[in-house]
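Student: First residue of the sequence shown? That's 6 in the working numbering, and the numbers climb one at a time after it.
Everything labelled a hint here was simulated from the structure, so no lab data went into it.
Each hint should be verified, as a subset may be incorrect.
Calculated pairs, PhoX-like style, for lysine-lysine (alpha carbon to alpha carbon, straight line, at most 20 Å) [to be verified]:
| # | residue 1 | residue 2 |
| --- | --- | --- |
| 1 | Lys288 | Lys254 |
| 2 | Lys245 | Lys284 |
| 3 | Lys143 | Lys173 |
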Amino acid sequence: MRGLEDGDGGGGGRGRSQLSRPERIVREIVSESVPVMAQIIQELTQEMLNSIKDYVKSLVSMADKKEEREELVTLQNRLNRRSDLTKESLLKCQRNQLEILVAVRMGLVSFMTGKLRLATTELIEMFLFVRCRNVNCKSILPVEDCDCKFCSADNGFCSSCMCAVCMKFDCASNTCSWVGCDVCSHWCHAACGVQKNLVRPGPSLKGPPGTSEIQFHCIACNHASEMFGFVKDVFTCCAKDWGFETLLKELDCVRKIFRGSDDFKGKELHTKADGLISKLESKLISPSDACHIILKFFNCKCDWVINFYLRHPLSILCENLFCRCPAHCSLVYFLS
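Turn these sequences into a full structure, and let the hints steer you where they fit.
Tutor: Below you can see the structure in the form of structure tokens.
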């Protein structure tokens, strides 16, 4: 059998004689014809099958280490070059053989745990990148026949549950850490968006001309979605149910999102989040108090005063114009 020696390298240059039997069989599963390997796997003992699965789990889970990463990438490249792995041929796979093929190509250890109850057709569709590999999603791809550069790349990208930057799937909800486009509903980790400068100031969509706000600029359709209202909605709907750790994590996410703010509201929100994090970490306030403070900030009705000032910067604003709510947001100081 060919193994991976024919032009693939792999295994850090180790020859077949240096490989363990599970390693060698996995290489053969990746390289050899489906019917041949189906017959071989059918004749293996359960003990050997378990050893093979343990090897695949180890290979995938330790892919951050150089040697394992090189071996996994080599196996994946070999699979990607094979033109014989069609739906018809994969239907001839022995079940364990198919699960190993899917686990290697997807780089996901979950397919080796034995806990998934997926139909053979679903496994095949995941392998062929026509169904989302996220077992909590399993959408047919491309979602809603989207033809953007990500969905049409034929690499298994799912706009319903995968970050368009890091390509990892996420089923997060009720959080500021997972942001979506208002138009095309493609998603992105807030941290990925900040890192790639997709979360940045842009011309205000509803504010006075010349003003800015923090926006998420969708990498798929280039639409800008404002972030202040998104964060406000998340906290208003969910914050009261969060514990200490979750509240701290969400405030930290808000702090990072609005770190580059040019506008008053964004700067004030960044300052507010930063201050609450410090007080929570120092045990100066309780999570419920922090939640109460941030919600009061979001419910402050100062917007019309800010907009009036931005339109008429030379106007003399009497004290009666100012919002009297406790979350005054240092507005007097800002306008003075």
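Student: Against this structure, judge whether each hint is valid.
Tutor: Quick rundown of the hints versus the structure:
Restraint check for Lys288 and Lys254: satisfied, since their Cα atoms lie roughly 16 Å apart, inside the 20 Å limit. Proximity of Lys245 to Lys284 is assessed by CA-CA distance (about 18 Å); at most 20 Å being required, the pair is judged to hold. Of the pairs offered as hints, the one joining Lys143 and Lys173 holds, with about 14 Å between alpha carbons and a cut-off of 20 Å not exceeded.
The structure shown violates none of the earlier numbered hints.
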